[in-house]
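K.L.:
Sequence:
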Amino acid sequence: MNIEALVAGQRDYFRTGATLPVAARRAALRKLRQAILAHEGDIHAALKADLNKSPTESYMCEVGMTLSELGYVERHLARWAGEKGRLTPMSQFPARSFTVAEPYGVVLVMSPWNYPFMLTMDPLIGAIAAGNCCVVKPSAYSPATSAVIRTILAECFPAGYVAAVEGGRAENQALLDQKFDYIFFTGGVAVGREVMAKAAKHLTPVTLELGGKSPCIVDATARLDLAARRLVFGKLLNCGQTCVAPDYLLIDRRVKEEFLSLVKKWMAAMYGADPLDNEGYVCMVNQKHFDRVMGLIDPAKVVYGGKGDPATRRIQPTILDHVTPEDAVMQEEIFGPVLPVLTFERVDEAVDFVNGRPHPLAAYLFSEDRGVQARFLRQMPFGGGCINDTIIHLATSRMPFGGVGESGMGSYHGRNSFDTFSHRKSIVKKATWLDLPFRYAPYTQAKDKLIRMFLK
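The sequence shown begins at 543 in my numbering and counts up by one.
Treat the hints with care, since some could be wrong.
Computed list of lysine-lysine pairs in BS3-like fashion (alpha-carbon distance at most 25 Å, straight line) [unchecked claim]:
id: 1; residue 1: 721; residue 2: 743
id: 2; residue 1: 991; residue 2: 967
id: 3; residue 1: 590; residue 2: 830
id: 4; residue 1: 830; residue 2: 843
id: 5; residue 1: 998; residue 2: 972
id: 6; residue 1: 967; residue 2: 989
id: 7; residue 1: 806; residue 2: 843
id: 8; residue 1: 991; residue 2: 972
id: 9; residue 1: 849; residue 2: 590
id: 10; residue 1: 626; residue 2: 967
id: 11; residue 1: 626; residue 2: 972
id: 12; residue 1: 798; residue 2: 843
id: 13; residue 1: 721; residue 2: 971
id: 14; residue 1: 807; residue 2: 830
id: 15; residue 1: 843; residue 2: 807
Derived DEER-like restraints, expressed as beta-carbon distance ranges [claimed, not checked]:
id: 16; residue 1: 819; residue 2: 597; range: 51 to 59 Å
id: 17; residue 1: 811; residue 2: 930; range: 37 to 45 Å
id: 18; residue 1: 560; residue 2: 765; range: 25 to 33 Å
id: 19; residue 1: 584; residue 2: 965; range: 21 to 29 Å
No lab work stands behind these hints, which were simulated from the structure alone. For every residue, glycine included, the Cβ atom is placed at its ideal position computed from N, Cα and C.
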């Protein structure tokens, strides 16, 4: 594929104005919805091939989430795209002040392999809703899903409007060498830095959805059985290959043993005594990733699980106890079904531990203590999170999702997706029937007095 020609073609298409009418944007979103529904079986099959996801997990975490976002954006689009009135200062009387949202133009969406359908479609929905043309680049690590995405988009849109580019590093580099008007990237920190460096050459604005080591803090007041159940859900969803999965556990030493026994109970209840025999258990995306995660497991610290099957790329849910901050498993985002356990005597120690590291994409607290909850909210920087649950904060179109610091910049979902892919112009429409003279030279004491009266 000639990527330079593709981007040039999209720029020509955007200049026709075909993407600007709100009716055209809504029609494009409806067409996308219809295609997703028509290919739902193909999407599930592709996610099974790439990650061994079951149809239920595929719908809950990928197709259903995408359809929900589509419906929400389509329902609210007309209001978001309209003019927004603002109060006009008396010094500018008579005038009307308002803002107008306009699309950036031609945008690039680069998506990861862990939720390859949803994390491609969700930003694309925002780009279309805002009136842009868009090139999407799905991950080469999820080839079956990338192929389905390409098919769906080709059925819905001309390549000059929306197009998918498949491939690996060569295609990534070729895309990043082009001048886009906006880049939306979801992936790891290392590649995120490269994307930002490439974008800087063209002064292209970016949104970076990255990751990091997201902590889960459990204090002595938590409802332990419910906390264990919800922690296991969040940790093992997609077999831990989730950017907002609880990466490690910080547990009050007084309740550690009881809590870990409950975590083990729920791991077995959800995935069986040995998940390696569970046909519905998600696998690592490739052998390299399997080997990396297995390399983070210290056999001397395993208190549950610890085994893997290279033939199926499955890794048992694994708990590592007596972990130290210096251990290998604490040096990088795990992105797998391995739960390191660290303890604290006082909640202050847990908060200080998290704050002493790069800001995480997510953080989770299980506590019935309102004072602890308040400190978690006010004194610990992180992208987003939950109190007494995990992961579900991103499952709504009504709140923004994004990172902070090394876990990312910018946000999306619902209205925030529309705003991310829009530039909002500020306009003052001045009346012509009156022109107050005090702003014009030559300046006098009388004019100075009037200016000071209005500007204070």
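K.L.:
None of the hints should be skipped; say for each whether it holds.
P.N.:
Consistency of the hints with the structure:
Only pairs whose Cα atoms come within 25 Å are accepted, and residue 721 paired with residue 743 is accepted, the gap being roughly 9 Å. At roughly 32 Å between alpha-carbon atoms, residue 991 and residue 967 are farther apart than 25 Å, so this suggested pair is violated. Restraint check for residue 590 and residue 830: satisfied, since their Cα atoms lie roughly 19 Å apart, inside the 25 Å limit. Between residue 830 and residue 843, the direct Cα distance comes to roughly 23 Å. Compliance with the 25 Å bound is thereby established for this hinted pair.
Annotation: proposed proximity of residue 998 to residue 972 holds, straight-line Cα distance about 22 Å (limit 25 Å). Note on residue 967 and residue 989: the hinted pairing is violated, with a Cα-Cα distance of about 31 Å set against a maximum of 25 Å. Distance restraint check for residue 806 and residue 843: the Cα-Cα separation of roughly 15 Å lies within the 25 Å cut-off, and the hinted pair is therefore satisfied. Under the criterion of a C-alpha separation no larger than 25 Å, the hint pairing residue 991 with residue 972 is consistent with the structure, at around 23 Å.
Between the alpha carbons of residue 849 and residue 590 the distance comes to roughly 22 Å, so the proposed pair stays at or under 25 Å and holds. Taking the CA atoms of residue 626 and residue 967, the gap is near 10 Å; set against the 25 Å cutoff, the hint holds. As the CA atoms of residue 626 and residue 972 are separated by approximately 16 Å, the hinted pair is consistent with the 25 Å bound. Note on residue 798 and residue 843: the hinted pairing holds, with a Cα-Cα distance of about 15 Å set against a maximum of 25 Å.
Restraint check: the Cα-Cα separation between residue 721 and residue 971 comes to about 33 Å, which exceeds 25 Å; the hinted pair is violated. Of the pairs offered as hints, the one joining residue 807 and residue 830 is violated, with about 30 Å between alpha carbons and a cut-off of 25 Å exceeded. A distance of roughly 19 Å separates the Cα atoms of residue 843 and residue 807; the hinted pair therefore holds under the 25 Å criterion. Between residue 819 and residue 597, the C-beta spacing of about 20 Å breaks the proposed range 51 to 59 Å.
Look at residue 811 against residue 930: about 20 Å separates their beta carbons, and that is not inside 37 to 45 Å. For the pair residue 560 and residue 765, the supplied restraint of 25 to 33 Å is violated, since their beta-carbon distance comes to about 54 Å. Roughly 36 Å separates the CB atoms of residue 584 and residue 965, a value that falls outside the hinted 21 to 29 Å.
Of the numbered hints listed earlier, those contradicted by the structure are 2, 6, 13, 14, 16, 17, 18 and 19.
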